[in-house]
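Student: Given the coordinates of chain X, assemble chain U onto it according to the supplied hints.
Going down the list, the protein sequences come from chains X and U. Residue numbers for the first sequence follow this note's numbering, so the first one is 260 and each next one is one higher. Residue numbers for the second sequence follow this note's numbering, so the first one is 3 and each next one is one higher.
It is possible that some hints are incorrect.
Pair ranges (Cβ atoms, derived) [what the hints assert, rightly or not]:
{"no.": "1", "chain 1": "X", "residue 1": "Phe396", "chain 2": "U", "residue 2": "Leu205", "range": "50 to 60 Å"}
{"no.": "2", "chain 1": "X", "residue 1": "Gly394", "chain 2": "U", "residue 2": "Cys34", "range": "19 to 29 Å"}
{"no.": "3", "chain 1": "X", "residue 1": "Leu319", "chain 2": "U", "residue 2": "Ser190", "range": "48 to 58 Å"}
{"no.": "4", "chain 1": "X", "residue 1": "Leu332", "chain 2": "U", "residue 2": "Gly58", "range": "46 to 56 Å"}
To be clear, the hints were calculated from the coordinates, so they are not data collected in a lab. Backbone N, C-alpha and C fix where the C-beta goes; we use that ideal spot for every residue, glycine too.
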Amino acid sequence: MARLLVEKRIDWVGIGFAAVLSIIIVFPLLVVFTWSVTNVWRYPSVIPQEFGLRFWGATLARADVWSSITMSLTLATVVTLLSALICLPAAYAFARLDFPGRSILFFSFLAGHAFPKFGLLVAIAAIFLQLNLIGTFWGVVLIQLVGTLLFMIWIPVAAFQSVDRRMEEAARDVGASPARVFWSITLPQAGPTIAAAVLLSFVGTFYETEGAWLIGAPQIRTMPVLMISFINNQPVIQYGAVLSVLLWIPSFVALLFARRVISSGSFARGFGA
Amino acid sequence: MSLTPASDIVGKKPGRGLSGLLLVAIPVFLVCWMVIWPILSAIWRTVWIRNDGGTGSSFSLETYVFFFSDQYSLNNLYVTLWTTAVCAALLLVICIPIALYLRFSTGKLAAYVQGLAIFPMFVPSIILSYALIRVLGPNGTVDLLLNAVNLPKIRSPYLTPWGPVIGLVWDNIPLTVLILVSGLGSVSNQSIEAARDVGAGRLATFWYIILPRISNSILVAISFTVLGLFSAFTLPYVLGPAAPEMMGPFMQRTFRDLNDPVMAITQAVIAFGFCIVFGLFYVRSVAKNRAP
Chain X
260 MARLLVEKRI
270 DWVGIGFAAV
280 LSIIIVFPLL
290 VVFTWSVTNV
300 WRYPSVIPQE
310 FGLRFWGATL
320 ARADVWSSIT
330 MSLTLATVVT
340 LLSALICLPA
350 AYAFARLDFP
360 GRSILFFSFL
370 AGHAFPKFGL
380 LVAIAAIFLQ
390 LNLIGTFWGV
400 VLIQLVGTLL
410 FMIWIPVAAF
420 QSVDRRMEEA
430 ARDVGASPAR
440 VFWSITLPQA
450 GPTIAAAVLL
460 SFVGTFYETE
470 GAWLIGAPQI
480 RTMPVLMISF
490 INNQPVIQYG
500 AVLSVLLWIP
510 SFVALLFARR
520 VISSGSFARG
530 FGA
Chain U
3 MSLTPASDIV
13 GKKPGRGLSG
23 LLLVAIPVFL
33 VCWMVIWPIL
43 SAIWRTVWIR
53 NDGGTGSSFS
63 LETYVFFFSD
73 QYSLNNLYVT
83 LWTTAVCAAL
93 LLVICIPIAL
103 YLRFSTGKLA
113 AYVQGLAIFP
123 MFVPSIILSY
133 ALIRVLGPNG
143 TVDLLLNAVN
153 LPKIRSPYLT
163 PWGPVIGLVW
173 DNIPLTVLIL
183 VSGLGSVSNQ
193 SIEAARDVGA
203 GRLATFWYII
213 LPRISNSILV
223 AISFTVLGLF
233 SAFTLPYVLG
243 PAAPEMMGPF
253 MQRTFRDLND
263 PVMAITQAVI
273 AFGFCIVFGL
283 FYVRSVAKNR
293 AP
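Isolated chain X, as found in the complex (with noise of 0.2 Å):
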């Protein structure tokens, strides 16, 4: 195989994967673009008949795409805060203290991973029904923060564990308090990693449907849960088109920033491969 490998030649099979590829994940993408920048585009003629961003101005004087907009980013921060604060003190007392139980609390997080997401979502809805959370702001918070737990504990976990001892040891040594030694030391090494998480962590809250649509609706309306309604019931294609296109922006971040983590490989093994 490796000789294979060698040898100069043109690469068939990577060209055919290349194209098809290409066809079947960028070309369904470029349609909605396209849509997004058109102002008419009738069946059949293969190009839109008027491009322009008449949509955009439509699109963005609506005032539920705003406060869709609004609802998203203030969930997704409410979230992402909240996560950070519960979940970077557990990682840290996960990674460097001992107590009883700590393997299975550890492993404890995988357990909302374990069942199909969607039924573990009705068995909760059924418990918030009870208490009156469905329909309500919290309701929709306390859903999308149990599914970032997994990700703030075990991501920063690693962090914490990387962070070299003798570092902090020699802080400690020349006689730096354990909570300067933590800002000084520990935090600035551990930083990048969890700063990773915490952007996951808020475009996965960004992009969360099924528990916004399952608790929410119809008073908790988020970006994907209009987008639903839009699909569902909205003729002028392109008000979806220019929603979509907004609705990628968090996702166009974090794919700047994560290219790199996903690529290594030790993001599939955090999937149990």
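Tutor: Chain U only, in chain X's frame:
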């Protein structure tokens, strides 16, 4: 990425055990309250049914009996099983060749293929649904192109059981490829060269050398797919037919529109039952990778 043995990392100071427990208390409480308790409560509420008069409760399997004797519910279950099986098979057929190519190739083209294969991870499924409707839906782009060359329109998969299949496969390509590539990392070049040296063809090398070494990764990929697909909601809800519907939309409709939470959690418990083996296997293999 593993939990180091506690003995290496802590000085034996009294009181540290308590502060550790306090620091992890809130997330652990959330898992107990929002994962373990709902599941136990769901099972409890569906077998311990309140009597008609509201006077008391007694053991009863009536909601399960209803589900398994109701043709509509059974059809929904069948379409879910069918979709899951078809998607898992398609994903393996599509992703194993891609993963093999990525494992044995280097260079810009391979990087491009990998980038494309991972890209759907950064496309939220709701945008994907919309894109697929625009492309494959009635008078969509495929119809436009076919019409332009005077061919008949396609029979659109939109609102048929194939709609969710296409969407779910598209959506799950990245993780399946990543899991398989990671598994192929454990196949050494030497073992393949040795097989080739004794005259094994490509197929034989794949069948006897590569496949046995990645069978665990394939099982993980299948478990992941089954867990994700069995109760998928967004894609089947938007792309699939109104009847029969997959378990995800079915549960949602039973819960919200029919206002019948007990029946909805019965459906959820049935979904848990069908996935339990895959869930346990998945958790076991993740835990094995992270364990000290």
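Student: Determine for every hint whether it applies to the structure shown.
Tutor: Cross-check of the supplied hints:
no., hint, in the structure
1, X/Phe396 <-> U/Leu205: 50 to 60 Å, "holds (57 Å)"
2, X/Gly394 <-> U/Cys34: 19 to 29 Å, "holds (25 Å)"
3, X/Leu319 <-> U/Ser190: 48 to 58 Å, "holds (56 Å)"
4, X/Leu332 <-> U/Gly58: 46 to 56 Å, "holds (49 Å)"
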